[in-house]
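Since the structure of chain S is provided, determine the placement of chain V on it from the hints.
Chains S and V, in that order, give the protein sequences. Following numbering that gives the first Met the number 0, the numbering of the first sequence begins with 0 at its first residue and continues without gaps. Following numbering that gives the first Met the number 0, the numbering of the second sequence begins with 0 at its first residue and continues without gaps.
These aren't lab readings, by the way, just hints derived from the structure by calculation. Positions of the beta carbon are idealized from the N, C-alpha and C atoms, including for glycine. Heads up, a few of these hints could be off.
What the hints assert, rightly or not - Label-pair ranges, simulated between beta-carbon atoms:
{"id": "1", "chain 1": "S", "residue 1": "ILE151", "chain 2": "V", "residue 2": "TYR207", "range": "36 to 46 Å"}
{"id": "2", "chain 1": "S", "residue 1": "LEU39", "chain 2": "V", "residue 2": "PRO37", "range": "47 to 57 Å"}
{"id": "3", "chain 1": "S", "residue 1": "ASP6", "chain 2": "V", "residue 2": "GLY212", "range": "20 to 30 Å"}
{"id": "4", "chain 1": "V", "residue 1": "ASP339", "chain 2": "S", "residue 2": "LEU39", "range": "50 to 60 Å"}
{"id": "5", "chain 1": "S", "residue 1": "GLU218", "chain 2": "V", "residue 2": "MET28", "range": "15 to 25 Å"}
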Amino acid sequence: MEITLTDWQLLLVKLAVILAVVPALTLVAGYAEHKVMAHLQHRLGPMYPGGFHGWAILLADGLKFIYKEDIIPAAADKRVFKLAPIAIFIPAVMVYLVIPLDRTLIVEDLDVGVFYLLAISSVSTIGVLMAGWSSANKYALIGALRAGAQLIAYELPIVLSAAVIVMLAGTMSLVGIVEAQPWPFILWPPGIGLVAFLVFMGSGIAELTRPPFDMPVAESEIITGAFTEYSGMRFIFGFFFAEVANMVAFAAIGATLFLGGFNPIVPWSPLDAIPGFVWFVLKASFLLFLFLWVRPTFPRLREDQLQKFAWKVLIPVSLFLVLAAGAWVLYAPEALQP
Amino acid sequence: MTVDSRDELKNPQEVIDELARGSLQTEQMLLNVGPQHPATHGVFRLLATIDGEVLVDAEPVIGYMHRGYEKLVEARDYRQITNLVSRMDWLSNIQNELPMWMAVEALMELEVPPRAQYMRVVMVEANRILNHLMFFASFGAELGAITPTFYAFREREDIQAAMETATGGRMHFGYMRAGGLKEDVPRGFLQAMLAAVRQVIDRMDQYYNLLVGNEIFKARTIGVGVLEPEVAYNYGVSGPIARGSNINFDVRKDEPYLVYDQFDFDVPMGTSGDCFDRFWVLLHEVYESARIIEQAIEGMPSGPILGKVPRVIQPPEGEVYIRTENSLGELGYYLISDGDKRPYRMKIRTPSYSNVSALPYVLKGTFVSDMIAILGSFFFVLGDIDR
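Chain S with its partners taken away, still in its complex shape:
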């Protein structure tokens, strides 16, 4: 018996899969964060929940948060306060719609995939601003404004470094971009791809508000920034869940744009035996590990130093990269083009 699905049914199935996969991914990445950090700090990390090396720690954590009281401050703007975690959570999931796990393993291969990714991933900052403003808490307000300023500063290098890739690939479709990299962009064209990758990952860390760019949630300065007044489920969906989901998404985007996504890392025919899905997971996990590695390694920058770093270093560098990529596309001999 053959099952035929209409486009709409297929789309619904894919959406259901995404809704199941994203939380699972988040749990895995969150567990990885616990363990990687622990081992970098001479600790074991969680060992008991679930029996084997504490694999169920985040399930236990989640249950704990469900049981916690949902506190809304009396002075809060209640509707906005309740809406903010949702406004942060939904974009974090929607990013996954266009990420190609394999040539056909994708919900929707949009023609403007890169544009969609960058647009959606910055929407959640509106949620952070909502949370900060509605909490009626000064720390929350400072945190939200820091997050807003940080987004403006670091969105530019991200967009510009992604533009470099779009120029090199000649398309905005993510599948198209992957297919344009028999050699991943990080290796070829020499230099341009690597620097664009570094700019993208650095700005990505800032966009995710992870250390060393975590001023919007800096615990020792402004408690948890915009989420100071949140508790229970709202806290984990708005804060923890969205952060980890966004981090995984950034690792996946980085793997797609710079490491050749589901293609083998170098065009060597024996490597084709490994399915594209596995390549993608390997590359994304590597980038995820980089994110996790940075966190216990560096102290935090100051707010003005962060802004200077964006406007005086990253943005000029990425503007120059755009020029270089344009020159490469126009003038490099045909044989060198991917």
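Same frame as chain S, but now just chain V:
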């Protein structure tokens, strides 16, 4: 700030016009840092007036942990007081006990046998290392580096384990007595202590490069929170913070007590008085403490650990002021005895109290992020401020 003030918001176009004219009126905000705040490690409160991210004014409010020790000691005999004062600065416990007994010994004219003196030096310096490692951990954490905490606690563990074998305590040791120590150390203690200290020094080099060599760390601390020497003098700042400001004052050198004059050690000095220098001095004091411990253990005399002490500790009428170099600065006890088993009055001069009084001066005009770095670099213990 309430959200109800929405009605008073200006028309966005007006704000843009005002910005263009450079005449936009902004308001200062009173930010209440603490008493419950992750960076104050304790119930320390700071009333900060901020203009955006800049601190216009800062006023420390202390007293949330006041336990009335100076009054409590008047109703207790000296054996009880030793455990009470140990809880003032909970990171320098055994160092708090020492000057109190030194004051009693001075009034009663008791002889302390040389072995006890040397052992006191070992204990006090080990405690200093414990304290400094703790601040190494917390200063990193305040700057967003979470890893030093775990390294520091691993090192503390070995020293604490050694001290536990001798004193039975890991935090509040209660080891000092009038005329000496409670009892002699167990066999193997000196070797264990020496091994632990040497390991700390070995690893300190790594930590030093990891944290102090980090570019972000330097950017956050160099030139931040400068405390000029004159200001430090006027506020009575002492300890690593004063030495960070290039004030050469260390009670161990200037008025040697115990047997400090027999040891060869340096007093690390900063030059500019910024956060970096204060932290630098703190870290280098660990090396110096380790040197003192090594020399004390090498030259450890044998003999009794407790001198000839009357059955009842009852200092004669009189008064005395004894000061020692605590981990965080000068700790002084002004003891007045009326010949009773209990002190008539015991005024305690704690280092953190005086050090923190210089905070408003340093904090003015800094950023909110710097405020945390400065608070961290002032190395205060709340129990030591409030007693």
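Hint by hint, here is what the structure shows:
1. S:ILE151 / V:TYR207: 36 to 46 Å: holds, 37 Å
2. S:LEU39 / V:PRO37: 47 to 57 Å: Since the Cβ atoms of S:LEU39 and V:PRO37 sit about 22 Å apart, the hinted range of 47 to 57 Å is violated.
3. S:ASP6 / V:GLY212: 20 to 30 Å: violated, 58 Å
4. V:ASP339 / S:LEU39: 50 to 60 Å: holds, 57 Å
5. S:GLU218 / V:MET28: 15 to 25 Å: holds, 21 Å
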